[in-house]
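*Asks:* Top to bottom, those sequences are chains A and B. Per the numbering used here, the first sequence runs over residues 1 to 535. Per the numbering used here, the second sequence runs over residues 1 to 530.
Since the hints were made in silico from the structure, they are not lab data. Mixed in with the good hints there might be a few duds.
As the list claims (entries may be wrong) - Result set (PhoX-like, lysine-lysine): computed pairs, CA atoms no more than 20 Å apart in a straight line:
#	chain 1	residue 1	chain 2	residue 2
1	B	Lys379	B	Lys209
2	B	Lys138	A	Lys179
3	A	Lys149	A	Lys209
4	A	Lys134	A	Lys520
5	A	Lys209	B	Lys88
6	A	Lys312	B	Lys280
7	A	Lys371	A	Lys84
8	A	Lys268	B	Lys346
9	A	Lys357	B	Lys222
10	A	Lys270	B	Lys209
11	A	Lys270	B	Lys346
12	A	Lys270	B	Lys272
13	A	Lys270	B	Lys222
14	A	Lys242	A	Lys371
15	A	Lys365	B	Lys88
16	B	Lys222	B	Lys346
17	B	Lys379	A	Lys270
18	A	Lys433	A	Lys409
19	B	Lys401	A	Lys267
20	A	Lys209	A	Lys179
21	A	Lys268	B	Lys277
22	A	Lys387	B	Lys271
23	A	Lys387	A	Lys371
24	A	Lys383	B	Lys88
25	B	Lys379	B	Lys138
26	B	Lys88	A	Lys268
27	B	Lys401	A	Lys365
28	A	Lys268	B	Lys379
Single-letter residue listing:
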Amino acid sequence: MLRYDSSGKPFIIIRDQDQKERLTGSEARKANILAAMTVANLMKTSIGPLGMDKILVDQDGEVTATNDGATILKNMQVENPIAKLLVELSQGQDDEIGDGTTSVVVFAGALLEESLSLLEKGIHPSKISEGYEKACDIAVQHLISICDKIEFDKEDCSSLIKAAKTSLGSKIVNQYTDKIAKISVEAVLAVADLERKDVRFDLIKLEGKTGGTLGQTELIDGIIIPKNFSHPQMPKQIKNAKIAILTCPFEPPKPKTGHKLDIDSVKKYKELLEIEQNYFKKMTDLVKKSGATVVLCQWGFDDEANHLLLQKELPAVRWVSGTDIELIAIATGARIVPRFSELTPKKLGKAGMVTEKSLGTTDEKMIVIEKCSNTKTVTILVKGGNKMVVEEGKRSIHDALCVTRNLIKDNRIVYGGGAVEISCSVALNKASKEIKGIEQYSIRAFSQALLSVPIALASNSGLNSLEAVSEIQLKQMKEEKPFFGIDCLSKGTSNMKEQNVFDTLRGKIQQFLLATQMAKMILKIDDIIRPTGQY
Amino acid sequence: MSEAYQPARILNQGSTQEKAEGARLSNFVGAIALSDLISTTLGPKGMDKILQSPSNLLDSTITNDGATILSSIQISNPAAKILIEISKVQDDEIGDGTTSVVVLAGELLKESEKLIHKRIHPQTIIKGFRLAKDIALKKLKEIAQDHSENEEDLKKYLKKIAMTIFSTKILTPYKSIFADLAVDSILRLKGSTNLESIQILKKTGGLLKESYIEEGFVLDKKLGVGQPKRIENAKILVANTSMDYDKIKIFGSRVVVNSSSKLAEIEEEEKKKMIRKCQKIVDHGINVFINRQLIYNLPEQFFTDHGVVSIEHADFAGIERLSLVTGGEIVSTFDHPELVTLGTAKLIEEIMIGEDKLIRFSGCKEPSACTIILRGSSKQILDEAERSLHDGLAVLSQMVKNPKTVLGAGCTEIIMAQAIEEAAKETSGKIQIAMEAFARALTRIPTIIANNAGYDAEQLVSELKTSHYKGNNTFGLDVTNGKVCDVQELGIIESFLVKKGMLLKASEATEMILRVDHIMYSAPRQRGMN
Numbered sequence: 001m002l003r004y005d006s007s008g009k010p011f012i013i014i015r016d017q018d019q020k021e022r023l024t025g026s027e028a029r030k031a032n033i034l035a036a037m038t039v040a041n042l043m044k045t046s047i048g049p050l051g052m053d054k055i056l057v058d059q060d061g062e063v064t065a066t067n068d069g070a071t072i073l074k075n076m077q078v079e080n081p082i083a084k085l086l087v088e089l090s091q092g093q094d095d096e097i098g099d100g101t102t103s104v105v106v107f108a109g110a111l112l113e114e115s116l117s118l119l120e121k122g123i124h125p126s127k128i129s130e131g132y133e134k135a136c137d138i139a140v141q142h143l144i145s146i147c148d149k150i151e152f153d154k155e156d157c158s159s160l161i162k163a164a165k166t167s168l169g170s171k172i173v174n175q176y177t178d179k180i181a182k183i184s185v186e187a188v189l190a191v192a193d194l195e196r197k198d199v200r201f202d203l204i205k206l207e208g209k210t211g212g213t214l215g216q217t218e219l220i221d222g223i224i225i226p227k228n229f230s231h232p233q234m235p236k237q238i239k240n241a242k243i244a245i246l247t248c249p250f251e252p253p254k255p256k257t258g259h260k261l262d263i264d265s266v267k268k269y270k271e272l273l274e275i276e277q278n279y280f281k282k283m284t285d286l287v288k289k290s291g292a293t294v295v296l297c298q299w300g301f302d303d304e305a306n307h308l309l310l311q312k313e314l315p316a317v318r319w320v321s322g323t324d325i326e327l328i329a330i331a332t333g334a335r336i337v338p339r340f341s342e343l344t345p346k347k348l349g350k351a352g353m354v355t356e357k358s359l360g361t362t363d364e365k366m367i368v369i370e371k372c373s374n375t376k377t378v379t380i381l382v383k384g385g386n387k388m389v390v391e392e393g394k395r396s397i398h399d400a401l402c403v404t405r406n407l408i409k410d411n412r413i414v415y416g417g418g419a420v421e422i423s424c425s426v427a428l429n430k431a432s433k434e435i436k437g438i439e440q441y442s443i444r445a446f447s448q449a450l451l452s453v454p455i456a457l458a459s460n461s462g463l464n465s466l467e468a469v470s471e472i473q474l475k476q477m478k479e480e481k482p483f484f485g486i487d488c489l490s491k492g493t494s495n496m497k498e499q500n501v502f503d504t505l506r507g508k509i510q511q512f513l514l515a516t517q518m519a520k521m522i523l524k525i526d527d528i529i530r531p532t533g534q535y
Numbered sequence: 001m002s003e004a005y006q007p008a009r010i011l012n013q014g015s016t017q018e019k020a021e022g023a024r025l026s027n028f029v030g031a032i033a034l035s036d037l038i039s040t041t042l043g044p045k046g047m048d049k050i051l052q053s054p055s056n057l058l059d060s061t062i063t064n065d066g067a068t069i070l071s072s073i074q075i076s077n078p079a080a081k082i083l084i085e086i087s088k089v090q091d092d093e094i095g096d097g098t099t100s101v102v103v104l105a106g107e108l109l110k111e112s113e114k115l116i117h118k119r120i121h122p123q124t125i126i127k128g129f130r131l132a133k134d135i136a137l138k139k140l141k142e143i144a145q146d147h148s149e150n151e152e153d154l155k156k157y158l159k160k161i162a163m164t165i166f167s168t169k170i171l172t173p174y175k176s177i178f179a180d181l182a183v184d185s186i187l188r189l190k191g192s193t194n195l196e197s198i199q200i201l202k203k204t205g206g207l208l209k210e211s212y213i214e215e216g217f218v219l220d221k222k223l224g225v226g227q228p229k230r231i232e233n234a235k236i237l238v239a240n241t242s243m244d245y246d247k248i249k250i251f252g253s254r255v256v257v258n259s260s261s262k263l264a265e266i267e268e269e270e271k272k273k274m275i276r277k278c279q280k281i282v283d284h285g286i287n288v289f290i291n292r293q294l295i296y297n298l299p300e301q302f303f304t305d306h307g308v309v310s311i312e313h314a315d316f317a318g319i320e321r322l323s324l325v326t327g328g329e330i331v332s333t334f335d336h337p338e339l340v341t342l343g344t345a346k347l348i349e350e351i352m353i354g355e356d357k358l359i360r361f362s363g364c365k366e367p368s369a370c371t372i373i374l375r376g377s378s379k380q381i382l383d384e385a386e387r388s389l390h391d392g393l394a395v396l397s398q399m400v401k402n403p404k405t406v407l408g409a410g411c412t413e414i415i416m417a418q419a420i421e422e423a424a425k426e427t428s429g430k431i432q433i434a435m436e437a438f439a440r441a442l443t444r445i446p447t448i449i450a451n452n453a454g455y456d457a458e459q460l461v462s463e464l465k466t467s468h469y470k471g472n473n474t475f476g477l478d479v480t481n482g483k484v485c486d487v488q489e490l491g492i493i494e495s496f497l498v499k500k501g502m503l504l505k506a507s508e509a510t511e512m513i514l515r516v517d518h519i520m521y522s523a524p525r526q527r528g529m530n
């Protein structure tokens, strides 16, 4: 970059400019917008119940097939900085809401696309930003005004299931939506605290298992750990188990301070031997004395300790992972005990049944802990014909769980199938007429951008997209009802209330806010500097 | 035009992507190529493949087993990888039908490629396929025969199933012998699916048909030196403990001595410690001691002196099987002989198979584990025979749990295809075309079987179809004579689970591949110089 001093001599502001690639002003903006649009276009085909999937091949050639926006973007290995921002955007939606990760990116892309024509008209980017901000406010207001409430309680959760079904509709699990939606809702309700409107997600465990089909996915009232009992002859089933959870190995202690124990005489050798033998006895005795009937240990067992456990009739599991340990502790009310000497009857957890089960011909075993005494903990065991299906199933169920949780937190809903977007767009068009100045243009652009989601939805469903969307627009305006949307599955009605397609209000608001924020941020950039020739 | 208008590259250097038609094409090409590759192994007259390992050219495998072939080939195409994965899962879950699941998925994809050329949307195809799959599954359940009531009957059917399975493998000439072997060993499991307790020992030499099931249990180990080769009324202690040098496990301990005499003393003490341990073991009142780990000379000597036969280094699976067979528990501490359950066997003796010495345990308490001795002229033959036998055992073990059968030889496929065609007639719209395509894909399986056998496949299959239309619902292909005939009479029966697995997994994988419209490849991980 060159500037000239008072005497007309050039001086350099940015060093080594020949090694840096630089775009400024409107060119920079256009390059950015183009990059964002590329990402958004990529995601468009994944929207809706008839959206398509993507295959991602990672660095080591492993294959992931998914429909989940956040997962696609995360694994895409994006390099362009703007595209990276969009990846973040989708992550943000995923962390906060857990669903709608695709739509948020498509919407942000559409906002930027619309701003391109505004920029060409010569409107300053910050004016566009302001207009978008205002439009977003109006849209959110409108959302709140048109939202509906759904009612549910522990007994009647049919409305929750419907919401979960909307979320699952676009995924590969959609042929089993009824069953999987029910499982998801039951899982959430099992751990939910309806009074505090809180759901502890860490109490729901998702475990995948290849074999069978997705339809055989089941909800287990308890915890599954993919481990087996440490000795093949331990009993496979323990009723009314008292569980001791240990985080110390059944091995002679290894003090963390460096030390050496020198044996220089026979006497010392004998003593040490005695001590060693006693260690194991003491350990198992202490466990037995506490009244435990099952031992779960985070670490390994020495052969001798293992046998002593068998002899004392203490079925034990070794190498249980830290997260599983915590979960079991919460569920059974056990305390995690770091030293044998601290084991007391009070610190034991209780469970109605602990069983070791085997599956398939390869004889993989897993331990099922059921009827835990304390908090409800559930496991969803996802089954599927292959690894990729199971992984995708897990992701889809996670989305459905999130939707259900959001509804428990806030039971306000808006109608899906593009209905809200169209309704907001109509409202914005109306509102824009009463706003003076350049902002009017931005608001209209925003309203146009809102239509991107229903348009993508319609075209993925094989409809004439523009025609379908404009038809719905008209219908909404005529009847002044916000629940008309795109009839993706050709069910014969565009009434989303009847089709039971709805999203959470929170999720939608979040989508609008995040996308607007992102569009504003990208519009503000007017200079890209990046080193070239590094490859 | 300025740089700003050029298409934006957003992915990393080295990453590539394929979009829409391109992605679909690459998926179809990959998956179909894979299924074509493997389709020639289908059926009783299917061919084998030689698999050569890239590192060692001398190390080759000759096989007919779909899962084995697929797991050894190096594939980068993602759709082909999905097919390999389903074949693996089919193998894990049911054990057989690993080829047909891939072939069916491949045929389904071939059909859908044609439909996409006709401008039918993949989602519509998926819808049709799902419908077709449901109909086929319903039909399959209808025609499945349940044999759970009569035990004698069950045994007969198990044998037939085993014969059907083995007839597509290297074991064909001796399928009756092997079917008996498999059924016999499975019935010993008494409903457990733990195939671990059936041990397959491969010994080169002899002929395949000389393979036999060993009454009792055979351990591929040798008895200690100078110990009796025959023990009657054995009391066995099965252990997992170190009998080499029993170090003190307390962390940080080490021996530091300042004179050689002290070293000798400690060494002496170590020996004494070992002897004490041996004494404790002997105090259990046993005459056979089997350890998972090594037994050094000193303890072995001690055992010999005390009339205890010792067997060292029985691996982990061996130990578990032994404890199953003899009914003894696996022991690691020896302070409480009264609490330990000992294993028993009427007779333990050293036997010779070919040139190898083995130990046979007979008259055991719990005959749920057994050993099948496979004989054959080469390593490759033995390996292939083991794989085939394993397939058979796996299916049979599942069968005992769920004793439902369907007819083989292409009969079931035709029945399912015709059920779908029937239903398609009443379905309007493009879905109908997809359903018909599904039916065609199913019919392709008998076609491929006939093709592989060298017959005029189209002619045979159309004859087969006609006979089904006429109401002969038990007709199938007789590939030995190249005729259409009653399968029930031929006794070609397959497990319902295998067929169900094939149908469900193939359609699930097809759906997964069809749903994809975009493939993104990450840049391959840079292999460092180190």
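*Asks:* Can you list which hints this structure breaks, lowest number first?
*Replies:* Violated hints: 3, 7, 8, 9, 10, 11, 13, 17, 18, 19, 22, 23, 25, 26 and 28; rest satisfied.
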